[in-house]
Amino acid sequence: MKSLFALLLPGLMISDLALAADAGSRPLNWNAIGMFLLFVLFTLGITRWAARRTRSASDFYTAGGGLTGFQNGLAIAGDMISAASFLGISAMMFLNGYDGLLYALGVLAGWPIILFLIAERLRNLGKYTFADVVSYRLAQTPVRLTSAFGTLTVALMYLVAQMVGAGKLIELLFGISYLYAVMLVGVLMVFYVTFGGMLATTWVQIIKAVLLLSGTTFMALMVLRHFGYSTEAMFAGAAAVHTKGQAIMAPGGLLSNPIDAISLGLGMMFGTAGLPHILMRFFTVSDAKEARKSVFYATGFIGYFYLLLIVVGFGAIVMVGTEPAYRDASGAIIGGGNMIAVHLAQAVGGNLFLGFISAVAFATILAVVAGLALSGASAVSHDLYACVVRKGKATEQEEMRVSRIATLAIGVLAIILGLLFESQNIAFLSGLVLAIAASVNFPVLFLSMFWKGLTTRGAVAGSLAGLVSAIALLVLSPAVWVNVLHFDKALFPYNNPALFSMSLAFLGAWVFSVTDRSPQATQERGRYLAQFIRSMTGIGAAGASKH
Amino acid sequence: MPAPAASLQHPKNNYKKDQESAMTPNDIESICKHPDFQQLVRRKQRLNWSLTLAMLVIYYGFVLLVAFSPSTLGQSLSGGVTSVGMLVGVVIVLLSFALTGIYVYRANNVLDPLNDKVRQECVQ
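Sequences listed follow chains A and B, in order.
Quick note, the first sequence lines up with residues 141 to 687 if you use my numbering.
Quick note, the second sequence lines up with residues 8 to 131 if you use my numbering.
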């Protein structure tokens, strides 16, 4: 399999470039392609290094559990500061000013909560996946099945959103066709994960986070220099040239409805705590102390990044918005609104820096999809295969083989879905993912750790209630029912279902737990104390680092 | 570890047995009654929940302000263009970081030593 990939990969890229050159619809960006190739070569080198060190299942799923809090913090930050937030939030600030900040703050405010309530307990209780934690004192088969289902749903949908975004972005940045862009992302993703496992995935993420943070820092510094290092001058300049004028300095219509505002806030805050590829990152450190440090560093990096984006977004209003070279004949921004940050890169650093930022944006997508694919694959191999199908009797080699096959299958599926959903709205898909993660994974994970009364029946009922209600409410919301399906009036008045679907998930788990009078439920409640002691003190926790 | 230990986890959790040093019912009882453990739990929970509450108040206070009184955030900060909301946004970023900092500091310097003590005294 290894040699097949080695043959396939360069072949694909050469034909890629050749085809794109033939198409000639957009000039190839050689700076960007050169830097991107450099990044790919470097990360393939890392994958090779990681492949040699990845021997046990623990190596594969959790990078041997030996990462430091600082390294893991960078990787977590890398997962959060994706291409979507870099390009999307700066574009939102360019268009609407202050409203762009609201999204950034929602994601950021979730991190302290994750630290205070979840991170350490998760590390003390789990091994490879968050289903380890939920099924700790409950029946394995039903809980693992529902958790794996939740993980796969979230991971696949998120993958599709990233794939579609990647294809569009790469089409623009590199002049490669959508089909080849999606295939390139899929193949590289499978390559990193199958051979390098979590170790390669994490280092790709760390390198990308450093590149993106330093690139954005440079952009922000150049913008500030343009305005004589005065943010007041920058805001004044932006308000003077923006069509909305002074209004860009205040919240606009984005969150005018209180219910929608709170619901969106809940979804963003707790959706993050339900994303399987993020939860998995807490198992890559040696103990609760390092898990704690990783969140501290991650919060710092994410916060710093969003502060930079304010400067990037508002600076672009002046430096890109007033520059006719970045607009086409009809006055629209070339390449669409999401290209603001890329144009700004050229404005402050010329073509070479434009190439650098384009390559980093591509690298960002690769790193995030690799983490997603790994979390999906681990749900298949660890939760479904090793724990449900083989009842824990599978050897580590068998489990790792299944996870590699699963990665390949997920890669193929992601490419196909990416092609099918080419014209779908990415923002909608991403919102769907966070709402589902907040409703399916978070409530049950939270209750399993904090509530003695949770039983197997309650956990399964809660997950399903969250999943069904989140999807149903989204379909009935104005965003889908009216805008996509073109009905006259939405059956559910709000665009953000999290407030309602999370409540239903908690309610479902509670009702089906307290009414569960079976002897098995009594035993499950009885095992809470041992779980509580371990979650508090780490006594008996699997020390992944000793491998 | 002896066989009875496994009974504390779910009977079907065979998978975990070989990976963990499990606790016997006696262990659990003695840990729960241990004054240091009780103090650890009390302090940890107080720290966790008070900081969680602080973060929720900060963030949802902001969300409600956005929903009900956006003009407050749009006021000029000091006569210039920079608005109150811009400062509030930056302050929320800094507060999030500061709260995690407080937590890490307290956990490393107060709770971890206590935790180590409990582990030493309860697990031979």
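Hint data in this document are derived by calculation from the structure and do not stem from the laboratory.
Note that the coordinates shown come from a computational prediction; the quantities given were computed from them, not determined experimentally.
The C-beta atom is built at its ideal place from N, Cα and C for all residues, glycine as well.
Incorrect hints may appear among the rest.
[Said to hold, decoys possible] Here's a subset of chain B near chain A, in silico, CB distances under 10 Å, partners left out:
1. 56
2. 92
3. 117
4. 122
Problem set entry | Which numbered hints fail | 3
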